[in-house]
Each structure stands twice: as structure tokens, then as C-alpha cells.
Amino acid sequence: MGGEFVMLSLTPILIGVLAAVACALPGNFLVLRRQALIGDAISHVVLPGIVVGFLLSGTVNSWAMMAGAAGAAVVAVALIELIRRLGGIEPGAAMGVAFTSMFAFGVLLLEQSDTSSVHLDVQHALYGNLESLIWVEARGWGSLLDPVALAGLPPELPRIAVVAILMLAFTVIFWRPLKISTFDEGFARVLGMRTNLIGFGLVIMAAIAAVAAFDAVGSIIVIAMFICPPAAARLMTNRLEHQVLWSIAFAVFSAVVGYVLAGYGPLWLGAEDAVSAAGMIATVSGLVLGIAALYAPHRQRSGAPADA
Amino acid sequence: MWINSTSARSMWIEALTLQLGYNATLVAIGAALLGIAAGATGTFLFLRKRALVSDAISHATLPGVGIAFLIMASLGGDGRHLAGLLLGAAVSSALGVAFMLWLTRRTRLYEDAAIGAVLSVFFGFGVVLLTVIQTVSIGRPAGLSDFLLGMTAGMLYRDAVLIATAGLLAIAAVWALRRPMTLVAFDSGFASASGIRVRYVDLAITGLVLAVTIIGLKIVGLILIVALLIIPPVAARFWSDRVDHVLLISSAIGGAAGYLGAALSAVAPALPTGPIIVLVAFALFVISLLFSPVRGVFSVWLRHRRQQRRIHLRQGLLAIAQDVPIYEHFTIALLLRAGFVRGDGVPTEEGRRQADQACRDEDRWAVARRMHAHESVVSRFDGLRPLESLLTVDEIAEIDRQLTERTECKEVAS
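Taken in order, these protein sequences are the chains called A and B.
Counting from 1, position 230 in the first sequence corresponds to residue 230 in the numbering used here; the numbering is continuous, with no gaps.
If you want the numbering used here, it's the 1-based position in the second sequence plus 308.
Watch out, some of these pointers could steer you wrong.
Said to hold, decoys possible - If the Cβ cut is set under 7 Å, some of the chain B residues that face chain A in the computed set are:
hint, residue
1, 411
2, 428
3, 532
4, 598
5, 602
Simulated from the structure, these hints should not be mistaken for lab results.
Since we're looking at a predicted model, the values are computed, not measured.
Quick reminder that beta carbons are idealized off the backbone N, C-alpha and C, glycines included.
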């Protein structure tokens, strides 16, 4: 059991957990700031960016594709601002125009260009490819100490680990400005904080998390992890510190349980093949949110009624 | 496929003039009807500032498609009956809406978090079902992923008829409900005070969005159908400030995008239809953004330039009347071009005459601004327009009577 588990399941689970945590951390602030759908928009515009990055570099060099994705995120933000300013259009609709158009452009570009030699298609972009990120060199738990085997780790693992650490560092270092500007922007400005800079930095961080996670697990987990764990955590507590910890716990729980259910659930039921791990992780995070909405201690608004 | 040869060009023309065959024509008409319905419905959604609700509705259709396929396939048959799949999509997307409303009403989460949660979780579960379908190998699931991005190539005749009919029904429903929906979208407080049940109208709008999504599933696909609901009203917003006009223009843009996109995709059968339709809609949006005479970028810029010139010219004429030197190059250039000054800066006869006129007008405006009778006129214009064009001869005479002999305008210079 041990050897097979390390080879086939350890790295996908680790990548899933790290991606989930990397998205959930900035997601906490996005949910509180009513910007939850930014994750949705970013994960759509990443597609044309990755395709353009691939076409320009001609290789599946992931740094070129990451740069393309980051460029696309910047283009999207600029386009949304342009539409908002020029037309006096509300941000939600401006976002809808920008990300659907860019996604459509990405799909057509992808279908037009010859990407048959590489693993790049629309389905992959949506569902990711978590199951295939196996550690071929692993022979058992002992391989964790074997430098030769460690060199064969899927490159997605160190990349998403770096990004997860970056997100953690961002959250810890900028904790005070993030917290104050999220809850009381006016007060933050009085204290001399550059609130629009903080907001912009948060969006950039979310974009980095989305791009890195997208590369490893596909856009569906990205959107789910930006929103579901933080939203469920929001219903558990009134303290932001606790909310962030809860959201990490929910993200890890969703990733592990989702992966196990997808990989082993069908076998327990007598079926032969596994189902989509990305889809199952999103489903589990939704179930967590549903249970939190039913039973969590702080699910109700306190004070003013809902319609106010 | 985008080779710029003559044969390709004639294919494009054939596609746009509907000579590609009976089925392609029917699909293009169906897509046009869908676009009209989407443009109209989207207008109300957009005015209610809830455009992205449609994103949750459309993504929530996927599990329904999967379950409907599994049920139909296990009952025998290949499981690909379009009406059955669409029914499943409608049920699961209605569940998604219910879940979204429940989250926003019963918990303290905001609507955007509820939208994102529903769209990602339902879509994720749908993906799980799609892999289940691949695993159990019943029926013929090959076409199911077409629902993601739309695929009109090889659409069955009966499916095209179904889509066109449903599109017509959706348009009829929008037309029937347009008055209460306009009222609620424009001013829900007033609508509520006039006895309209705002919650029911909102439900009707959501229901129409759901209908448009279901109808568009096969043509545009569930990921991009939201574009057909959002882009036309946003584009139409640049053409008019009136709700009824925006509604009509949005429908026209949606219809054009659907028709052109479906026709173009008939030339390129290997490509998914949804992205083509969305990019046509986006092109129409860009045209509106740049060239609309009402709020387009160019017309706003031109208006700005014209206003700038009028102000410079007026300032120049007043300077002539007051005999102060003009240093501003742009003003001098404008005066020269109008023939009001000569090259050496000395005013011409015509220039003097115009300057006096400008001076008198300035004085009249100053008087008119002090008179309560003209408050409504005065507050609406910027003071550059000759007052004669706004007031009657008698009113001008009354103003002139109040003007003192030494005019205020020339007083500045002395």
C-alpha cells in the first residue's frame, strides 16, 4: 500500500492541498470585500494568456505561460476599468464583458493553433489534470529522503508550494493593513494607508494564486477554493484570525477528502475508474459550505435584517 | 481555415446570406432568435445590477445534463435526446438559483460569494458526473461536452426547430412582461409603491434568464451564454439613455451576434460555436464603445473639442472687445481661422462686430442669470449660446432695458 500510495496519490494530494490553501488565503479578503467573483474572472482570462504565452514561446515552458497568464490578467483589469469609466457601466457587468470575451478568444486561439503535440486543451484548462501528477520515481515512503527520486517530483509541486508560501507570507506581513482596509476603508485612509494600493495588491496576489493553481489543478478548483472555504469559515466565527484558520482547515479537508473520494470512492462502489478529482474537490467544498450554512454558529447576520 | 483565398471568401458570403443549406439556415435563425431573447432579458438583468447571476445559472446546468443523460441512457436508448437533456439542465439550474437565494437570505454571505459558490460547486459536480458517464459506458456520451462551448455542426433538424420555437416563446414572454420588468429594473421602490410585486418580477427575470440559458446550451454553450446576456445590454447602453431604446438596441445587437456568429460557424464546423458568437458580440460592443454618437469615445471626444473651441473663441472675442492682448496660441489660431483677426493680431471689421456681439450677449446672460423668470433656461445652458436663440424678442428687450448704459463687459478693461 505504502509504495503505491506515495507514487500515485501523495503528490496529487499535496498539490491539491497547497493549491486549495493558496487560493483560500486571499479568498478570505475577497469574500469580505464583496470581490469574490474576481477569482471567477481571473480564472477565465488565464486561458488566453496561457495560449498566447505558448504560441509566442513555442514551448510548454511554464514560465512563458505564467507570464502570458499574468499579462492577460493585467489586460483584463485594464479592460474592465476602461469599460467602467467610459460607459459608466457597473463593475459586475464590465467584468462579465471582459472575461467572457477573453475566454472566447482563448478558446478560438487554442482550437486554431496546433497544440496537439502538447497537453493543452479546453477540457484540461477547466478540470485540470490532478490525477496525472504522479511521482513516477517514488518507491515508497523512503523515497522522500532519496535525492534521486526527489528530483523526479512533478514540477507543479515545488511551484505551487512556493506560491502557497508566498500567499502565507503576504497574509502575515500585510495582516494589519489588509484587515483594517477590508473592514473600514475610511479608517484605513485616515491612518495614512494607501487603500487602493492594498486593494490592487490583493488582486495581484489573487491572480498569482489563480495562475499557479490553474497550472496544476484547473480553473474549477480555483474558483471553488477562492470562495467556498472562506465563505464557510465566515459563518464559523466573527474573528478574522479564526476565519483564516478555519478557511485553511476547510480547504485542506476539501482537497484531501475530495481527492480520496474521487480516487477510491468509485472503487469502493465497485466501479473501475476514478472520477474527476478537481470536480470532486469542488463538490466537497460546496458540501462543507452547505453544512456551515445550516449549522455554523455565526451563520446569521447580527443586527440589521437581510434586506436592509 | 482562415486562409484568405477567394473560395474562402465566397464561403463567408454564402454563410452570411444563408446559402449553406437548410439546417445551417435554421440554426442561424434559431441563434438570432436566441440572441434577441438574450439581449432583451439581459437588459433587465443589467439594469437590476445582477448581471453575474446569470453566470451561476448557466454553470449550474451541467449536473442536470449529466443526470438526465444517465437516466435516459439507463432507460435504454443513446441518452442524447435534446429535450430531455435540456429539461435536466433546467431542473438543476433552478436548484442552483434556489441554493443561491437561500445562501444570501439565510446566511450573512453576500450575493457575489453565493454566485461564486453555486457556479463552482455545481460545475464541479457536473464534471464529476461527466467522468462517471465516461466510466459506466452506457449510451453515447460523445456529444455531451458540446454543451460546454456550443456546437451547431451536425445539429439535428428537430433540435434546430426546438431551439427556434423556444427562442420565439422567450421573446414573446419578454414582450408580455416588458412593462413591469422595466419599472422594477428602473426604480424598484416606485414599482413596489405602484403595487407591483417586485419579488415576483425578479423571479420572472430570473426565470427568463434560465430559459435563455437552456435554449442557448446547444448553440453557445454553458460557459459563454452569460456573454450573450451581458454584452448586448452593455453595448446598447452606449447608444441611448432611455430604457425602452436600450431594450430594443440590445435585442438587435444580441440577434445580430447570434445570427452572424452561427452563420460564420457554419463555415468552420470544427470550431465550437459559442466563442464565435461571443466574439461577434464583443466586436459589436467595441464598435458601440468607440463610434456611438451618444456616448461613444469618439463622439464624446469630438464634443469635448467643440466645446473647447467655443470657449476659446468666446474668450478671444471678449478680449478683443476689452482691448486686452491675447497670448494663448490656440485662441489666436482659432480667431485667425475665423477671420476675426489679421496675421499681426489686429482685429478685422468682422472681428470687431463679433466681439461687440459677444460682449452684448455676455451682458445679457449676466442680467438673465439674475432674473428669476429665466432660471429654468439659464440653468440648462452654459452661457456660450446666443441668448436670442433661447428667449423671445420681448424678453430680450426687457433684459436690454435693465442693462446699464456702460456695459459690464467693457468695464473690465477700463
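Here's how the hints hold up against the structure:
Nearest Cβ of chain A to the Cβ of residue 411 (chain B): about 6 Å, under the 7 Å cut. The hint holds. For residue 428 (chain B), the interface hint holds, since its Cβ comes within 7 Å of a Cβ in chain A; the closest pair sits about 4 Å apart. The interface hint given for residue 532 (chain B) is met, as the beta carbon of that residue sits about 6 Å from the closest beta carbon of chain A, less than 7 Å. The restraint placing residue 598 (chain B) at the interface with chain A is violated, with a minimum CB-CB distance near 9 Å, outside the 7 Å limit.
With a least beta-carbon distance of about 11 Å to chain A, the hint placing residue 602 (chain B) at the interface is violated under the 7 Å criterion.
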